[in-house]
Amino acid sequence: MNARIRRSGANKKTLGQFLLTHLKNDWQIYVLLLPAILYFFFVHYLPMYGIQIAFRDYKAVYGITESPWVGLKHFRNFFGSYYWKRLFANTLLLNIYGLIAGFPIPILIAILLNQTNSKKFKSFTQTVIYVPHFISTVVLAGMIYIFLSPTNGIINHLLTSMGRNSIYFMAESRWFRPIYIITGIWQNAGWDSILYIAALTGIDPQLYEAATIDGANKLQKIRYIDLPSLVPIITMLLVLNCGQLLGSNTEKALLFQTPGNIDTSDVLGVYVYTMGLGGGQFSYTAAIGLCLNVISFIMIILVNTLVRRMNGSSLF
Amino acid sequence: MSKRAEVVENTNIIKKTAGDRTFDFINYTILVLILFIILYPLWLIVISSVSDAREVLAGHVFLYPIGLTFDSYTEILGYRTLWTGYRNTLFYTLAGTTISVISTMMAAYASSRKFLGKGLVNFYFVFTMFFNGGLIPTFLTMRDLGLYDNVWIMIIAGAISVWNLMIARTYVTNSIPGEMYEASMIDGANHFQVFFRIVLPLSKTIIAVLIVYYGVQRWNDYFTGLIYLRNRMLLPLQTYLKEILASLQSTSNLIDQMDSYTIQDSVEALQRAEAAKYSIIVISTVPMIVLYIIMQKYFVEGVMIGSLKG
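Chains as they are written, first to last, in the numbering used here: chain C, 1 to 316; chain G, 1 to 310.
Keep in mind that the hints were calculated from the coordinates and are not lab data. Keep in mind that the hints are not guaranteed to be accurate.
Claimed, not checked - Sample of chain C residues facing chain G (criterion: CB under 8 Å; computed from the structure):
1. 97
2. 115
3. 126
4. 186
5. 188
6. 298
7. 300
Unchecked claim - Dumping the calculated DSS-like pairs for lysine-lysine here, alpha-carbon to alpha-carbon at most 30 Å:
8. 24(C) <-> 114(G)
9. 119(C) <-> 118(G)
10. 297(G) <-> 120(C)
11. 297(G) <-> 119(C)
12. 120(C) <-> 204(G)
13. 85(C) <-> 73(C)
14. 59(C) <-> 85(C)
15. 297(G) <-> 24(C)
16. 122(C) <-> 297(G)
17. 122(C) <-> 204(G)
To be verified - Computed beta-carbon distance windows for the label pairs:
18. 58(G) <-> 97(C): 34 to 40 Å
19. 97(C) <-> 81(G): 22 to 28 Å
20. 294(G) <-> 203(C): 26 to 32 Å
21. 19(G) <-> 178(C): 43 to 49 Å
22. 310(C) <-> 294(G): 41 to 47 Å
23. 96(C) <-> 190(G): 18 to 24 Å
24. 203(C) <-> 183(G): 29 to 35 Å
25. 258(C) <-> 294(G): 48 to 54 Å
26. 310(C) <-> 173(G): 26 to 32 Å
27. 69(G) <-> 81(C): 53 to 59 Å
28. 294(G) <-> 60(C): 28 to 34 Å
29. 173(G) <-> 104(C): 27 to 33 Å
30. 152(G) <-> 258(C): 33 to 39 Å
For every residue, glycine included, the Cβ atom is placed at its ideal position computed from N, Cα and C.
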């Protein structure tokens with residue numbers, strides 16, 4: 001009996017002491033963390049609290065927390081509307097085509113670069129392929145409008161010189177996806193190869209030497225050394241990308257959208273932007289945003305579990 | 001040729017099988033092609049900006065400048081709005097990047113050390129990568145916080161990126177040995193002293209990388225200004241850029257529809273507008289390319305170390 005009391009008393013004391021010593025040692029760590037913690041609180045977590053307007057009818061006078069509840073009205077409106085299928089299809093197709101066309105290219109670049117013998121050429125190429133990443137979306141769009149101009153763009157000059165008719169690329173629905181995806185590859189493929197290059201640089205050179213002695217050629221080295229060592233990163237990026245299949249680069253889609261290509265360029269992100277901020281339908285578009293968020297979240301967890309079952313490496 | 005060199009050459013020949021030589025040939029061909037695809041559009045913009053506008057419009061300029069002239073650059077000197085945007089963006093980029101880099105480094109060092117609640121804090125950061133409030137709730141929250149049409153939104157929005165934070169943390173964990181902390185702690189240094197005297201001086205590489213990452217993000221940011229700013233005196237460069245490029249676009253469309261060859265003035269206006277587009281693109285992109293090239297020395301190394309999981 002006595003022993004138990006003594007022990008519990010001792011425990012309490014240690015817990016208090018434990019916290020106190022930690023606070024004494026660690027308070028400076030918390031101070032260093034403070035700006036980041038505040039930032040994420042105000043810019044990320046507070047808006048999550050604001051998601052509740054998806055279930056309310058937002059009125060500026062009542063604000064986020066006082067507007068009347070309407071339950072699932074906005075969700076029903078959206079999924080009952082004529083547009084939602086087109087919006088989902090456009091967004092999904094744009095991302096799936098983009099993933100199929102764009103995902104392998106950074107891997108290819110990294111592997112090819114890793115197999116070059118000249119150090120100078122390698123570092124020059126590495127420097128150059130990152131450059132497009134430093135160009136803004138606005139400038140990219142400006143360049144595309146210039147190059148694809150029906151009257152004096154270089155592409156149409158080329159077409160007409162070959163005796164073809166010129167094409168108004170930016171005003172045709174069927175051209176939106178190719179243009180969007182190809183410019184994306186141009187701008188990001190080099191940049192996205194960084195992670196793969198880093199992984200390949202980390203491979204033990206003895207592995208290659210041993211392979212050479214065993215008589216392996218370069219293709220075999222790629223097949224049996226390079227690719228296996230890239231699998232963890234490929235998996236990680238694939239999982240992250242699958243979580244983004246309904247996401248959209250709203251800024252870019254907005255800049256590439258014209259009245260002519262709206263059939264394919266109308267993606268969810270743009271719709272939320274134009275109806276929400278342009279049209280003032282805050283609650284309705286917040287509901288759409290919430291759907292996307294939840295779907296992405298579930299997808300990322302599903303794909304991650306699937307991948308973990310298949311090959312044992314996963315994101316988390 | 002000396003005997004030694006001959007031997008070296010011979011072993012090289014022996015080492016390289018015919019298959020490998022074919023591979024090398026194809027490899028270099030593809031890489032050179034990639035370099036061309038990346039550089040040609042940029043080259044085309046630069047040469048068009050210093051060529052005679054008539055030649056550019058006629059589609060004659062595609063390899064080198066024709067009728068070398070800097071008229072388009074003097075023309076855009078008179079674009080008042082462009083320079084307002086330039087000044088604003090310069091401020092947003094300098095102030096924003098400074099704040100971002102400092103707070104990211106602070107959090108990176110702190111979260112790499114052992115302390116009570118470490119797992120919780122890391123979860124708190126990483127969770128925001130997978131779930132967020134979305135555009136509209138974020139907009140309304142920022143408006144409620146008084147940041148709508150406020151200069152500070154340009155500094156605060158996107159101030160810390162989880163991705164950058166993780167890269168910086170990996171770098172700090174991997175490149176600064178734990179014994180160093182222990183030694184300085186025994187000498188009586190506290191976390192602030194360790195951070196300022198040991199971590200920051202040893203993290204030049206990753207700081208350079210962060211400056212490039214955050215700097216570019218700020219400089220190229222179009223969306224934040226589009227959503228939150230109404231006061232025209234506060235708008236960043238990218239917004240004005242978009243306006244100018246779009247208005248020049250519509251000028252040329254308008255003139256396309258007229259019988260332009262009979263209207264001398266319009267032709268000249270079109271030519272000036274056309275030439276201005278190229279020089280505006282050059283002027284607004286060059287600072288970031290220069291920043292990248294200056295930092296390039298640190299860049300590759302820093303990204304490599306930061307991105308390798310420790």
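Hint by hint, here is what the structure shows:
A hinted interface residue such as residue 97(C) counts as satisfied when its beta carbon comes closer than 8 Å to some beta carbon of chain G; here the least separation is about 19 Å, so the hint is violated. Checking residue 115(C) against chain G by beta carbon gives a least distance of about 6 Å; that is within 8 Å, so the hint holds. For residue 126(C), the suggested interface contact is upheld, since its CB lies about 6 Å from the closest CB of chain G, less than 8 Å. Interface hint at residue 186(C): satisfied, since its Cβ lies 7 Å from the closest Cβ of chain G, which is below the 8 Å cut-off.
Of the supplied interface hints, the one on residue 188(C) is violated, with its beta-carbon coming no nearer than about 11 Å to a beta-carbon of chain G, more than 8 Å. The interface hint given for residue 298(C) is violated, since its Cβ lies 11 Å from the closest Cβ of chain G, which is over the 8 Å cut-off. Given the 8 Å rule on beta carbons, the hint for residue 300(C) holds: about 6 Å separates it from the nearest Cβ of chain G. With a C-alpha separation of about 14 Å, the suggested pairing of residue 24(C) with residue 114(G) holds against the 30 Å cut-off.
Only pairs whose Cα atoms come within 30 Å are accepted, and residue 119(C) paired with residue 118(G) is rejected, the gap being roughly 42 Å. Distance check on the hinted pair: residue 297(G) and residue 120(C) sit about 14 Å apart at the alpha-carbon level, within 30 Å; holds. Proximity of residue 297(G) to residue 119(C) is assessed by CA-CA distance (about 15 Å); at most 30 Å being required, the pair is judged to hold. Simply put, residue 120(C) and residue 204(G) have alpha-carbon atoms about 24 Å apart, close enough for the 30 Å limit, and the pair holds.
Simply put, residue 85(C) and residue 73(C) have alpha-carbon atoms about 18 Å apart, close enough for the 30 Å limit, and the pair holds. Of the pairs offered as hints, the one joining residue 59(C) and residue 85(C) holds, with about 28 Å between alpha carbons and a cut-off of 30 Å not exceeded. This hinted pair does not check out: residue 297(G) and residue 24(C) have alpha carbons roughly 41 Å apart, beyond 30 Å. A C-alpha spacing of about 14 Å is found between residue 122(C) and residue 297(G), which places the hinted pair at or below 30 Å, so the restraint holds.
A threshold of 30 Å between alpha carbons decides the hint, and for residue 122(C) with residue 204(G) the separation of about 24 Å falls inside it, so the pair holds. For the pair residue 58(G) and residue 97(C), the supplied restraint of 34 to 40 Å holds, since their beta-carbon distance comes to about 35 Å. Distance hint check for residue 97(C) and residue 81(G): the Cβ-Cβ separation is about 37 Å, which falls outside the suggested range of 22 to 28 Å. Taking the beta carbon of each, residue 294(G) and residue 203(C) are about 30 Å apart, inside 26 to 32 Å as hinted.
Between residue 19(G) and residue 178(C), the C-beta spacing of about 35 Å breaks the proposed range 43 to 49 Å. Range check, residue 310(C) to residue 294(G): Cβ separation about 44 Å, and the 41 to 47 Å hint holds. The supplied range of 18 to 24 Å is broken by residue 96(C) and residue 190(G), whose beta-carbon atoms lie about 53 Å from each other. A C-beta distance of roughly 34 Å is found between residue 203(C) and residue 183(G), which places it inside the suggested range of 29 to 35 Å.
Range check, residue 258(C) to residue 294(G): Cβ separation about 38 Å, and the 48 to 54 Å hint is violated. About 30 Å separates the C-beta atoms of residue 310(C) and residue 173(G), a value consistent with the hinted range of 26 to 32 Å. A beta carbon spacing of about 54 Å between residue 69(G) and residue 81(C) agrees with the range 53 to 59 Å that was offered as a hint. Roughly 47 Å separates the CB atoms of residue 294(G) and residue 60(C), a value that falls outside the hinted 28 to 34 Å.
Evaluation of the 27 to 33 Å hint for residue 173(G) and residue 104(C) yields a pass: the beta carbon distance comes to about 31 Å. Checked against the hint of 33 to 39 Å, the C-beta distance between residue 152(G) and residue 258(C) comes to roughly 34 Å, which is consistent with it.
Checked against the numbered hints given earlier, the structure breaks hints 1, 5, 6, 9, 15, 19, 21, 23, 25 and 28 and satisfies all the rest.
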